[in-house]
Amino acid sequence: MHEFADLRVFTKVVAAGSFSAAARQLGLPPSTVSRRIAALEQRLGVPLFVRTTRHVTLTEAGRAYHGAVRRVLENLEEADHAVALFRDKPRGTLRVQSRVSLGARLIAPLLPKFMREQPGLKIDLRLTSQQIDTLADDIDIGIRFGLGPASSLITRRVVSAQQGLYASPAYIAEFGLPETPEALLSHNCLAFVVNDEPTIWRIGQPEEMREVRIEGLFQSNDVGALLSATLAGCGISIFHHYVVREEERRGRLVRVLPEHQITTMATFDTHVYVMYPPNMQNAPKIRAFTDFLVRYLPEAVRA
Numbered sequence: 001m002h003e004f005a006d007l008r009v010f011t012k013v014v015a016a017g018s019f020s021a022a023a024r025q026l027g028l029p030p031s032t033v034s035r036r037i038a039a040l041e042q043r044l045g046v047p048l049f050v051r052t053t054r055h056v057t058l059t060e061a062g063r064a065y066h067g068a069v070r071r072v073l074e075n076l077e078e079a080d081h082a083v084a085l086f087r088d089k090p091r092g093t094l095r096v097q098s099r100v101s102l103g104a105r106l107i108a109p110l111l112p113k114f115m116r117e118q119p120g121l122k123i124d125l126r127l128t129s130q131q132i133d134t135l136a137d138d139i140d141i142g143i144r145f146g147l148g149p150a151s152s153l154i155t156r157r158v159v160s161a162q163q164g165l166y167a168s169p170a171y172i173a174e175f176g177l178p179e180t181p182e183a184l185l186s187h188n189c190l191a192f193v194v195n196d197e198p199t200i201w202r203i204g205q206p207e208e209m210r211e212v213r214i215e216g217l218f219q220s221n222d223v224g225a226l227l228s229a230t231l232a233g234c235g236i237s238i239f240h241h242y243v244v245r246e247e248e249r250r251g252r253l254v255r256v257l258p259e260h261q262i263t264t265m266a267t268f269d270t271h272v273y274v275m276y277p278p279n280m281q282n283a284p285k286i287r288a289f290t291d292f293l294v295r296y297l298p299e300a301v302r303a
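According to the working numbering, the sequence shown holds residues 1 to 303 in order.
Rather than coming from a laboratory, the hints here were simulated on the basis of the structure.
Check each hint, because a few of them may be wrong.
[Stated by the list, open to error] Cβ-Cβ distance ranges computed for the label pairs, FRET-style: (1) 151 / 287: 19 to 29 Å; (2) 93 / 51: 16 to 26 Å; (3) 251 / 136: 35 to 45 Å; (4) 104 / 151: 17 to 27 Å; (5) 174 / 119: 49 to 59 Å; (6) 248 / 116: 28 to 38 Å; (7) 279 / 42: 15 to 25 Å; (8) 200 / 170: 23 to 33 Å; (9) 302 / 111: 38 to 48 Å; (10) 46 / 111: 56 to 66 Å.
Beta carbons are placed, not taken as given, at the ideal position from N, Cα and C, and that holds for glycine.
Given only the sequences and the hints, what does the whole structure look like? Please build it.
This is the structure we're talking about:
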């Protein structure tokens, strides 16, 4: 493959009309310019210049080659310029992956504001019912609850999103309120599941955490389905506060065991994290989106 540096030397000699003039403009010794042109001619197998003591002119082959090289270098400059646009400002497509409940209820409502701030970006939001531990090849950034397993991905903590237990007034009127975590064992607890493993709720404080293995007559991998069942009086379930805040304000749901922290996570890490590959760390679209989430996601969680 031709060295682009040699092609630039070639076009500079054509424009300058001599090796010495081209060498001065390039800041190179004349011998270096002469050696590069000789190597180029040897590689091509044809002379490119007719040399005189003071000037050089193109041969017929040199004229044909110069026209083609000029187009190549112009295209290369256009390509460099196109890439520079991505380096300087967020452009292209940002592919985001998130759990359904987080993406639909927190991330999606913020996207119109982000798109107004970044009109050069197209957003592709992929929602899944699975916890995100790794990213597919076509995903730029993932958003998840809790710090994931060790990996090569870069993670950045954004905001804490607390969870709580909730039941409908109708359920409480019929079955009463549990007064201790252990009392949950005698209630119908509705579980969010992503596999067939037993559902464990961790209740208490980080330094004094109790595990309660709950059972009930309904489980789902969809938060919306669990919310509908809870509103209908089917039992007690766990939700992030932002999911049910409107229902709680309207009196359709009541907080259960409000004095206790609760989580379905293996630890009490209730933070939301963004995660992305190391080679995307300095990409303008990644920086812009993560900075945006740090600014606006806490407000969305608290509202």
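To see whether the hints hold, each was checked on the structure:
1. 151 / 287: 19 to 29 Å: Holds, since residue 151 and residue 287 (Cβ atoms, about 20 Å apart) stay within the stated range.
2. 93 / 51: 16 to 26 Å: 52 Å, violated
3. 251 / 136: 35 to 45 Å: 42 Å, holds
4. 104 / 151: 17 to 27 Å: 25 Å, holds
5. 174 / 119: 49 to 59 Å: 53 Å, holds
6. 248 / 116: 28 to 38 Å: Roughly 31 Å apart at Cβ, these two residues keep to the hinted range, so it holds.
7. 279 / 42: 15 to 25 Å: Distance hint for residue 279, residue 42 is violated at roughly 39 Å.
8. 200 / 170: 23 to 33 Å: At roughly 27 Å between Cβ atoms, residue 170 and residue 200 fall inside 23 to 33 Å, so the hint holds.
9. 302 / 111: 38 to 48 Å: 19 Å Cβ-Cβ, so the 38 to 48 Å window is violated.
10. 46 / 111: 56 to 66 Å: The hinted range 56 to 66 Å holds for residue 46 and residue 111, with Cβ atoms some 58 Å apart.
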